[in-house]
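Using the sequences and the hints given, assemble the complete structure.
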Amino acid sequence: MGFITDLKRRLFRWQSDGTAPLRLSQRRIFILPTRAGLLFATALLAMLTGAINYNLALGHALVFLLVGLALTGMVHAFRNLHGLSIAPGRCAPVFAGEVAYFPLHLASERNTPRLALELRAGDETRSVTAAVAAHGLSEVAVPVAALRRGWLDLPRTRLATTYPLGLFIAWSYLQPAMRCLIYPQPLPTPLPPPQAATRTGDHHGDGGQEDFSGFRERQPADSPRHVAWKASARDAGRRPLLVKQFAGGARTELQLDWALTPEATAPEARIAILAGWVMAAEDDGACYGLRLPGQEIAPDSGDTHRHRCLEALALFPS
Amino acid sequence: MSTRPTEALDRGAAPWLFAAALATTLPHAAHQPLWLSALASALFAWAGWLWWRNERLPGSWPLALLVAVACGGVLYEFRTLFGRDAGVAMLVVFMALKLLELRSRRDATVVVTLGYFLLLTHYFYSQSIPTGLWLLAAMTLLTATLIRLHGGPLSTAGATLRYAGLLTLQAIPFMLVLYILFPRVAGPLWGLPQDAHSGRSGLSDQMTPGNIANLALSSEIAFRVRFADQAPARDKLYWRGPVLESYDGFTWKPQTGRTRPPQIEALSPPIAYETTLEPQQQRWLLALDAPGPLPPEFALSSTLTATSREPLSQRQRFALTATLDFRFNLDEDPLALRRNLALPPEGNPRTRALAESWKAADPDPARLVQKALNLFSKEKFFYTLQPPLLGEQPVDDFLFDTRRGFCEHYASAFVFLMRAAGVPARVVTGYQGGEANPVDGFVVVRQSDAHAWAEVWLARRGWTRVDPTAAVSPARVEGGIAAAMPVGEPLPAMIQLRSDWMRTLLFRWEAVNNAWNQYVLGYNPQRQRELLARLGLPDADWRNLAAALATICGALLLAVTAWTLHQRPCLDPAARLWQKALRRLARSKVNCAPWETPLTFLQRVESEQPALAPAFREVVIAYLQARYSGISDDLTTLRGALARLP
Numbered sequence: 001m002g003f004i005t006d007l008k009r010r011l012f013r014w015q016s017d018g019t020a021p022l023r024l025s026q027r028r029i030f031i032l033p034t035r036a037g038l039l040f041a042t043a044l045l046a047m048l049t050g051a052i053n054y055n056l057a058l059g060h061a062l063v064f065l066l067v068g069l070a071l072t073g074m075v076h077a078f079r080n081l082h083g084l085s086i087a088p089g090r091c092a093p094v095f096a097g098e099v100a101y102f103p104l105h106l107a108s109e110r111n112t113p114r115l116a117l118e119l120r121a122g123d124e125t126r127s128v129t130a131a132v133a134a135h136g137l138s139e140v141a142v143p144v145a146a147l148r149r150g151w152l153d154l155p156r157t158r159l160a161t162t163y164p165l166g167l168f169i170a171w172s173y174l175q176p177a178m179r180c181l182i183y184p185q186p187l188p189t190p191l192p193p194p195q196a197a198t199r200t201g202d203h204h205g206d207g208g209q210e211d212f213s214g215f216r217e218r219q220p221a222d223s224p225r226h227v228a229w230k231a232s233a234r235d236a237g238r239r240p241l242l243v244k245q246f247a248g249g250a251r252t253e254l255q256l257d258w259a260l261t262p263e264a265t266a267p268e269a270r271i272a273i274l275a276g277w278v279m280a281a282e283d284d285g286a287c288y289g290l291r292l293p294g295q296e297i298a299p300d301s302g303d304t305h306r307h308r309c310l311e312a313l314a315l316f317p318s
Numbered sequence: 001m002s003t004r005p006t007e008a009l010d011r012g013a014a015p016w017l018f019a020a021a022l023a024t025t026l027p028h029a030a031h032q033p034l035w036l037s038a039l040a041s042a043l044f045a046w047a048g049w050l051w052w053r054n055e056r057l058p059g060s061w062p063l064a065l066l067v068a069v070a071c072g073g074v075l076y077e078f079r080t081l082f083g084r085d086a087g088v089a090m091l092v093v094f095m096a097l098k099l100l101e102l103r104s105r106r107d108a109t110v111v112v113t114l115g116y117f118l119l120l121t122h123y124f125y126s127q128s129i130p131t132g133l134w135l136l137a138a139m140t141l142l143t144a145t146l147i148r149l150h151g152g153p154l155s156t157a158g159a160t161l162r163y164a165g166l167l168t169l170q171a172i173p174f175m176l177v178l179y180i181l182f183p184r185v186a187g188p189l190w191g192l193p194q195d196a197h198s199g200r201s202g203l204s205d206q207m208t209p210g211n212i213a214n215l216a217l218s219s220e221i222a223f224r225v226r227f228a229d230q231a232p233a234r235d236k237l238y239w240r241g242p243v244l245e246s247y248d249g250f251t252w253k254p255q256t257g258r259t260r261p262p263q264i265e266a267l268s269p270p271i272a273y274e275t276t277l278e279p280q281q282q283r284w285l286l287a288l289d290a291p292g293p294l295p296p297e298f299a300l301s302s303t304l305t306a307t308s309r310e311p312l313s314q315r316q317r318f319a320l321t322a323t324l325d326f327r328f329n330l331d332e333d334p335l336a337l338r339r340n341l342a343l344p345p346e347g348n349p350r351t352r353a354l355a356e357s358w359k360a361a362d363p364d365p366a367r368l369v370q371k372a373l374n375l376f377s378k379e380k381f382f383y384t385l386q387p388p389l390l391g392e393q394p395v396d397d398f399l400f401d402t403r404r405g406f407c408e409h410y411a412s413a414f415v416f417l418m419r420a421a422g423v424p425a426r427v428v429t430g431y432q433g434g435e436a437n438p439v440d441g442f443v444v445v446r447q448s449d450a451h452a453w454a455e456v457w458l459a460r461r462g463w464t465r466v467d468p469t470a471a472v473s474p475a476r477v478e479g480g481i482a483a484a485m486p487v488g489e490p491l492p493a494m495i496q497l498r499s500d501w502m503r504t505l506l507f508r509w510e511a512v513n514n515a516w517n518q519y520v521l522g523y524n525p526q527r528q529r530e531l532l533a534r535l536g537l538p539d540a541d542w543r544n545l546a547a548a549l550a551t552i553c554g555a556l557l558l559a560v561t562a563w564t565l566h567q568r569p570c571l572d573p574a575a576r577l578w579q580k581a582l583r584r585l586a587r588s589k590v591n592c593a594p595w596e597t598p599l600t601f602l603q604r605v606e607s608e609q610p611a612l613a614p615a616f617r618e619v620v621i622a623y624l625q626a627r628y629s630g631i632s633d634d635l636t637t638l639r640g641a642l643a644r645l646p
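Protein sequences, first through last, are from chains A and B. Residue numbers are given in this note's numbering: position 267 of the first sequence equals residue 267, and the series is strictly consecutive. Residue numbers are given in this note's numbering: position 629 of the second sequence equals residue 629, and the series is strictly consecutive.
Hints were generated in silico from the structure; no laboratory data involved. Errors might be hidden in some of the hints.
[What the hints assert, rightly or not] Stretches of chain A that chain B covers, calculated by requiring three or more beta carbons in the stretch to come under 8 Å of a beta carbon on chain B: (1) 28-40; (2) 52-64; (3) 72-86; (4) 108-117.
For every residue, glycine included, the Cβ atom is placed at its ideal position computed from N, Cα and C.
Right, dumping it as C-alpha cells:
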C-alpha cells in the first residue's frame, strides 16, 4: 500500500510547490482506448474477417486505413493535451452545501485550438468542459461539492480529452495546491437582542448607519444594499450610482456571542446559528461583533467584516 | 474511461450524421430491391423532418415494429436474413432506423461505426477506382462526423473537414505498410453463401441461339493477356472454352463421360503469354489454342479445354504457352467420332436432304467443308445480332429462310450439315480476337468477343478448326465485332467508339484499370510471397511479418507524432524584419540584449554608435508602428527604413 501511494505521489506530483504553472509533458499524459474505441476495434476485426472471406482487396485496404486512422487519432488526442500550461487561480469562498469552483488558467501556445478538454475533480459526478483557442488563454472553474466548513483542498483533478475521434482518451492528473474556504451553512435564526452600545469617541463618526446626511458616489467597496436606487434613477439614470451617507449618533451594536446560542445544541449547530446571525446582521446593515471561545472580532460591518466573521466560524475548531 | 452514455447530442451534429448515413448507404440503392430503398428513404426523410421541426423521436414500440417489418421484407425478398445481399439490406435498414434513435453521443458513435462497416459492403459489388475514391471521400466524411461529435459546436464545418482530411492523409502510410506486409490469408475462411459471386456474366456451358448474342452486348472484360513477344495476328486468337458435342435439336451441350488425353503435334514453336482472368462462375481457363503445359490446378480434357477444379471466382493470373499451328488427335477414338456424327432422329429435313445430296455428289470431307463454307459466303447470308426468331426446325429455317444470324447460328448450322453429311463435327465456344491496348500492351478480351466456331475431324489432319462466321463476315474475325456490325446495330457504347481520341482515352483508362487490377486488387498471398522474396525475405512467415510490421508501424507512429507535435513557428512579419535589423546591427558590434526594449536599445545605440543612430531610429519607429499601433499592417515604411540601414 505504501509503495502504491509512493508511486502515485511520484507519478502525479505537481511540479515544485504546486503554485507555479504546470506544462503537460508526455510523462504526465496517459492514453487508453475508450469504449467507443473498443467497439471500433471489434468492428474492424469483423470487417477484416469479411474482407478475407470474400477476398476483397479494397476491403483489406479499408480496414488498414481505419487502423491507421485510429493510430493517428491516438496521436492527435495526445497532442490535444501536450504542451498545455495550467496555472491555479484564486477561488471565492462558498457556503457548505454549495459547489466550490476552483479556477484554473489554461494557456496554449499551439497554432491549432484545443477542444473538448474535460476536467473532473476527484470522484465528482459533475465535470466541466473547456476549450483553448490557438495561442489563447482560457479560464475554467472545476466544480467540487462543498460538504463541510473549513478549508477544501482541490482533490486530484483529471484533465481528459477524447478529441478528435473519441476512440482514445488521453488524460493527465493535476494536483495544484489550491484550497477554497467553505463557510458554515447558515441556519436562519432570529437575531439576539441588541446591546445598548456605548459609543467610543467618533470611531463611527461617518459612514455610520443612523442619521441620513446626504449622498455620495458609490464605490466598488460599497454594498449594493446601500445604494440609493431612487436617487440614482433621477435624471433618466444619467447620474452615477449614489450611496446614502449617514452621520454618527449612537448605534446599536450586536454582539454575536457563542454563549448566546442554546447550550444544549451540538457545536456544529451553534456555529450554523452564529453564521445565520452574521448573515442576518449584515443584511440589516447592523454593526456586529463576533465572540467565540478564544477569539473575538470587534464590531464592524461591511463585506470584509462579514468575511472575517464567517472565516473565523469556518475555521473554528470543532 | 469513456464518454458517459447520458451525454446528449447537440443539435448541430445531426446534419453530419445524416450526411454520413446517406453517403454510406446511397450507392447500395443501385442493386437493392426498390421497396428497400423506398423504406430507407422514407426513414431518412422522417428522421430529417423530426430534426427540422425539433420534435420528439419515436419511442421504442414504433421502432420495434419497423424492425419487424423490415426483417420480414428482407426474409421474403432474399429467403434469408444472412448471406451477402440480405446482410447488406439489413445493415442499410439498421442505419436508417438508428437515425430515429439519435439521442446520445453513444448513439451517434454507433451510427459512425455502422457507417464504417457499410463502406466495406460496397466492395462486394465493385472494387474499381471510382468506387475506391468515393469510399475514401465517404470515410473522410465519417471521420469528420466523429470530430464534430467530440469537438462540439466550436469546430466549424470547414475546419472539421480539413482536420478529417489531415487525419486520413496521416493514416495512409499505415495503410500502405499494412497492405503490403500484413500476413495475407487466402480466403474464404468458410463456405461462402450462395450469392457471393452472383451477377457475373460469362460463357455458359451450353449453347442455344441467342445466348452468345446477349454476351456480345456486354463490354465487360473477360480476361487480359500479355504476350511475351509480339502478339499474333487477331485471326489466330481463338480462346477455347467448352466444346459442345451433343445436340438435342435446339441446345448444344458438352458430352460427359469417358475421356482420354488429347494428342497435340506442334507445328510451330510455342509462344508464351500471361493471362489475367476476371472472376467468372465457370472453370475454364480460356487458353489460346493449342495450350501447352498447364498450371497444376488445371486439367486438359480430351476436347482440349483446360478446366480448373474450383470455379475461378476471383481474378487470377496464369503464365501459359500456346502453339498456334498444330495437329490435334490424328487417330481419334472411334467412339468419339461416332459421338460427333450423332443427330436427333428427326427434324430439319431440308438440311438433311441438302447434306445427303452433297455427300452423294462428292463424299470427300474436305470438299464437303468447302461446299458448306461456299454456301455461307456465296448465298445471301447476313451477320447480325438481331436475328429473326427461328421456329420448330431451327436449322432449316435459318439455312433456307431467314439467313440472318450470329456466330452461334452459323456454327450450329454448319455442324449440323457436316454431321448429316457424315463428317464428324462439333461446336467450340470461347472467345475470338481481342484488342491490343497500345498504352500498356495488354490484349483485352471482352465478353463481346465471345464466339462459337466449329471443328471437323479429317483423316490425316485430325480435328481442324472451321469458322463459318469468317465465311459470312471475314471482318468479324479480323476486326472484331464492331467492324463486322452494320451501322445502327445495338452495340455496347464502349465498343462502338470510332473516333480516335475517344479510343485513346478509353485505352488509357483501361490501362490504368488494368494496373489497378494487376498490382492493387491482385495482391494475394502468392504475390505477397513473391514481393517479400524480392525484398530479401524469401521465406517470411507470419512471425517475421509481424515483427517487421510492428517495427515499421512503430517508426511511422513516431514520425507522425513528431510531425504532429512539431510547431511551425508563426513569427509576426514585422518581428521577422526587426530580427533582420538586429542582425545588421550585430555586424557593427552592437547586440540587443534580451531584456532591452527597442527604445532602450536605441538609446544605447545612440551613445555607442552615434553614426548608426539616425537610420536606426527610423527603423525603431517604423517597427513600433507596424507591430503595436494596430492600425495598419503596412510594412513598407519598415522595409524602407531597413533598406536605409547600413
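Against the structure, the hints come out as follows:
Restraint check on the region 28-40 of chain A versus chain B: 6 residues with Cβ-Cβ distances below 8 Å, three needed, restraint holds. Given a C-beta distance limit of less than 8 Å, the hint that chain B covers the region 52-64 of chain A holds, as 13 residues qualify and 3 suffice. Only residues whose beta carbon comes within less than 8 Å of a beta carbon in chain B count, and the region 72-86 of chain A has 8; three or more means the coverage holds. With 6 residues bearing a CB less than 8 Å from a CB of chain B, the region 108-117 of chain A meets the requirement of three and the coverage assertion stands.
Every hint from the earlier list agrees with this structure, and none is contradicted.
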